[in-house]
Amino acid sequence: LPVDADSLAAASWIRATGWFYSPMESLPPLWLLPQLNLLLLQQGEVVQQSHIRIQRSLTHDTWQERWLDLPLSGQPFDEIRVYIWNADGNVPLYLDDLRVESFR
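Heads up, our numbering is the position in the sequence shown plus 46, with the first residue counted as 1.
No lab work stands behind these hints: they were computed from the structure. Be aware that a few hints might be false.
[To be verified] Estimated spans, in silico, between C-beta atoms of each pair:
| id | residue 1 | residue 2 | range |
| --- | --- | --- | --- |
| 1 | L78 | P48 | 14 to 20 Å |
| 2 | Y129 | L54 | 17 to 23 Å |
| 3 | D50 | E91 | 30 to 36 Å |
| 4 | L73 | W113 | 16 to 22 Å |
| 5 | Y67 | Q121 | 31 to 37 Å |
| 6 | W65 | G120 | 17 to 23 Å |
| 7 | S103 | N136 | 33 to 39 Å |
| 8 | T105 | P48 | 17 to 23 Å |
For every residue, glycine included, the Cβ atom is placed at its ideal position computed from N, Cα and C.
Generate coordinates for the entire structure from the input sequences, incorporating the hints supplied.
Here you go:
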């Protein structure tokens, strides 16, 4: 997502929120679980990032809202990327209603 710097001038945090669903009751090793990633970039270079293995906090067979917060460091950024990375795993994870917001 391109960023309007003026609209983020008063922000202290960026949050990615979505509704997640996992049909799996037993999970594989941690390193094979999908990650929710939140990156801030300046001219294509990553200046801040955070991630979470979202399935660790989910109850299987239930849609649940989860979020990932990233405190702003003061470094300038012109792009926000939010994505799911499934590493080398084959664990199903469903995402709906993704939104990105800023707050103090």
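Hints, verified against the model:
{"no.": "1", "hint": "L78 / P48: 14 to 20 Å", "result": "33 Å, violated"}
{"no.": "2", "hint": "Y129 / L54: 17 to 23 Å", "result": "20 Å, holds"}
{"no.": "3", "hint": "D50 / E91: 30 to 36 Å", "result": "19 Å, violated"}
{"no.": "4", "hint": "L73 / W113: 16 to 22 Å", "result": "20 Å, holds"}
{"no.": "5", "hint": "Y67 / Q121: 31 to 37 Å", "result": "34 Å, holds"}
{"no.": "6", "hint": "W65 / G120: 17 to 23 Å", "result": "31 Å, violated"}
{"no.": "7", "hint": "S103 / N136: 33 to 39 Å", "result": "20 Å, violated"}
{"no.": "8", "hint": "T105 / P48: 17 to 23 Å", "result": "36 Å, violated"}
Hint compliance for this structure: hints 1, 3, 6, 7, 8 are not met, and every other hint is.
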